[in-house]
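As they're listed, the protein sequences go chains U and C. Per the numbering used here, the first sequence starts with residue 1, numbered consecutively. Per the numbering used here, the second sequence starts with residue 1, numbered consecutively.
Since the hints were made in silico from the structure, they are not lab data. As the structure is a prediction and not an experimental result, all values here were calculated from the model. Among the clues, some could well be false.
Said to hold, decoys possible - Part of the chain U face toward chain C, derived, beta carbon under 8 angstroms:
| # | residue |
| --- | --- |
| 1 | I8 |
| 2 | L17 |
| 3 | N22 |
| 4 | L24 |
| 5 | R29 |
| 6 | P30 |
| 7 | A37 |
| 8 | G51 |
| 9 | D52 |
| 10 | T55 |
| 11 | V80 |
| 12 | R81 |
As the list claims (entries may be wrong) - Chain C residues, not near chain U, derived (Cβ > 12 angstroms throughout):
| # | residue |
| --- | --- |
| 13 | D166 |
| 14 | P381 |
| 15 | R410 |
| 16 | G456 |
As the list claims (entries may be wrong) - Across the chosen pairs, the derived CB separations fall in these ranges:
| # | chain 1 | residue 1 | chain 2 | residue 2 | range |
| --- | --- | --- | --- | --- | --- |
| 17 | U | T67 | C | L392 | 45 to 53 angstroms |
| 18 | U | T67 | C | R482 | 18 to 26 angstroms |
| 19 | C | L319 | U | I36 | 33 to 41 angstroms |
| 20 | U | A56 | C | A399 | 39 to 47 angstroms |
Glycine is no exception: its CB is placed at the ideal position from the N, C-alpha and C atoms.
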Amino acid sequence: MIVLAYVILLPAAVWLLGAVFNLLDHANRPATLARIAVRLLPFVGVALLFGDRATAPIVGALISVLTAHIGWSFLARALVRSGWRRDPGEV
Amino acid sequence: MNPWVVNLRDAAAGDATLTGGKAARLSRLARAGMAVPDAFVITSAAFSAHFPAADPDRRPQPPALHSELVTATRTALASQFPDQSYLVVRSSSTSEDGDLASFAGQHDSYYYITPDDVPRALVACWLSLWSDPALSYRETRAPASGTNGHGAFAMAVIVQRMLEADRSGVCFTSDPTGAHADHAWIEATWGLGAALVDGRVSPDRLLLERSGVLVRREIGRKRHKVAAALSDPGDLRLEPVPAFQQTASVLSDAEAIDVLHLSLEAERLFGGPQDVEWAFQGETLYLLQSRPITAVGSRPAAQPDAARPPGRWVLFKPLAENFTEPLTPLSVDLFRRVLPPIGRFVDGHYYLSLDIAERLCPLRWRTDELVDALLLRGEPPPLQPNLWKLPLAAVGFAALYLVDGISWHRSAHLTRDGLTAYAALCQSLKRGHRDDVPALLQRLVLGAGHPFEPIGRRAYYLNVSAGRYFLLLGALTALMARYAPDLDRRVVQSLCSGDGDTFSRYLVEDIRGLAEVARSDVRLRHALRAADPTTLGSVLAELAPDHPFTLALEAFLGRFGHRCSKEMELATPRWREDPLPVLLMVRGYLSAPTGRAPDTHADTLLARDGIRQALPRRWQQHLADYLIRRIRYYVSLRENTRHYHAMAMDVARGKLLELEQRLLAARRLRVPGDLFYLTWDEARDLDQGRLAWQDVSERIRQRRRRRRGSTRAVVPDTLGLADAQGATRANGRSEATGLRGQCASPGSAEGRVRIVLDPACAHDLEPGDILVAPYTDPGWTPLFPLVGAVVVEIGSFLSHAGTVAREYGIPCLVDVTGCTQTLREGQRIRVFASEGRLEICAP
């Protein structure tokens, strides 16, 4: 069940962190806070269902998504910059 | 005369095996009484004597000239050109100018040759038989002629009087594109024709009926010319054209008809359509060359099949519909460093790999259906999942969502100010000392540095992610089809303009404002209206620095000076550098009715109410409202990101111009604009002294020629596909009196066809005209409010033309293949955009 909660919380973490990151952007601040509140609901639900045992899937999902996001943003840039699959005949 | 040297007017010179294709044809023309400059020919026998065992695949050492040949040449020079200071030494290969392979431009010719230099130029011409381009051409084209280029491997050389031509060009006696039967094309430029053949200028293009009626005149921007008078014998001879001449017509109507008649005479003599090179020296018209057109009726393919990359490729429509011309080599080299590896450039156009797309597509679509979908043509086929690929696709999608979904959600709720961070980043990079352009572009395109910076610094990401409005539109359409099947689908489409808060709208308002300022000053208004494109700049120069129009123009350029037509092309001058297109648009608005742009907001509200009333349930109405809001948000976001893309291009161009100035000052480059025909590595090597001008000049010339060829060629939608697999729903001509296309903005209109190939030249549009264009990009936006409808050769519902047309509530038909070729200037047509067709009412 804990693993299932973790899997369900992964997309919820993406959804939530999208709104949290919006705090760094030029977005409407009150609307962003309202969105964050709504997007916290799945985490609140898991916490209510599992009590203390919910800590692991909640923290795990958030850290997994954050790590994957940051890792990907650097990896994708590095891949394109490396010039792989670039053919000199294109020019 | 010696058998190695014959006069061009001698009968012997007409033997192509002796004097080569070019000389033989010139000899026939001269003997037929046409005005051909005096010349003599050093025959192929001389070549054979100097290269007795010539191997077509191995370049030999330069030979020492036989004394008999030197003597015979001197005698001919003394007798034919006793007072001539400059001559042209032209190659005339025995396999040249055949019916199947012209070898045009593959062998060398030398201009401004003094009599003493003729032997050196002669040897250089001979050796050009082994140049890389000639070898490549023989491999790819000559097999078709049955000779493989080797069966007649020899070269004669023409030594000809050099004209001091002030105007020159080419004439195709039959339209090589095949779009206009019984028509001829003339291309004309200032000075010698070498600038035109090398692709260094955009010439004037005139379409004439073969009977002598001028149908259309397209004025090109002729920024450079090859001067007739030589100021520096060691230089390139290319000099800037005075501003007043750049957009002036090279030929009068009568002169154009003279060129046509001369070319038709050559056609009659040779019995087939000809590609004729001509030149005016003073008032005298000369014929310089005539060769058969090798591809009448079918526009040449951009590249021979043998030179195409392996695999199957589909044109990337979102880029192609903003820019139909091939990108310059430097733009290609820089963009391929930031684009994902699922595509590649071919002849300056970006193609997606169909092999990769087919592997990734989790739907049961046939190849032709997938091709149609990638080309954004018509309705996509039914979404039947491929059960084998679906799990893999689901895993891939889930993984992508987990790693990049945060950015996806961040882009869903931005204010318009959200992108000002990008503008600030561009400004700081522009002012900075860093001049590594690939690194700058990677920073601006791929992201600023780390994921914690504002998403607004990723304008390209926002542009791509805003494309999701197409999915939302599909959802809205499906909702309406399910619960309100009787509602007209056009109502849904009319909701898909932006929410009005777009830069393209502000751009138009600002141009309208400039026109209002000009209108309020009677003298300025008359001066702008009376001036032709060549003198508009001087009207501006005469204004006081604190004149309201000058101040308003400065403010406009401060806001939109980084914009222009063909923004993706780094070689294109921005409006800040050359405000002439802005002045021409202001002049166009002076003739338009005053007042603000039509407000489509009321139409939008009506359409929204219509949808609400058609849906029976409250949840359905709420869902439709939500989808409409989101669609309008993403349409605006997508349109606004283009404004910021242009800033990134402006930053890159600024750095490239600084580099070009350095290279020109150090004489490592000789001609402005040549930088864009190098790769970035070559440009950097030139800057750091690892390469010299001599190392790159030939590369530049070849790339310019190749790009010129690509510009005239049809851009194929697909590469490497058998016909049966290709796209099946190509648009274009449907019947004798109409054309078909795709609806990008619903409605219908009737008006006069105005074919516009460059928005800077569209200065006499009248309200109600139908704008017919090859493509549109933000530089074209100010034309939209002036016209009654828009018809575009390439495009889709997502394209700029459709987005802006919906914004202004005018009908727009896109993907009308060949419309700029088939329709005629001034013709009356009816556009039924909603039905995806147009009707020709009257010629």
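Right, here's what the structure says about each hint:
| no. | hint | verdict |
| --- | --- | --- |
| 1 | I8 | 12 angstroms, violated |
| 2 | L17 | 5 angstroms, holds |
| 3 | N22 | 5 angstroms, holds |
| 4 | L24 | 6 angstroms, holds |
| 5 | R29 | 10 angstroms, violated |
| 6 | P30 | 12 angstroms, violated |
| 7 | A37 | 14 angstroms, violated |
| 8 | G51 | 26 angstroms, violated |
| 9 | D52 | 26 angstroms, violated |
| 10 | T55 | 21 angstroms, violated |
| 11 | V80 | 6 angstroms, holds |
| 12 | R81 | 6 angstroms, holds |
| 13 | D166 | 35 angstroms, holds |
| 14 | P381 | 29 angstroms, holds |
| 15 | R410 | 5 angstroms, violated |
| 16 | G456 | 6 angstroms, violated |
| 17 | U:T67 <-> C:L392: 45 to 53 angstroms | 24 angstroms, violated |
| 18 | U:T67 <-> C:R482: 18 to 26 angstroms | 41 angstroms, violated |
| 19 | C:L319 <-> U:I36: 33 to 41 angstroms | 37 angstroms, holds |
| 20 | U:A56 <-> C:A399: 39 to 47 angstroms | 22 angstroms, violated |
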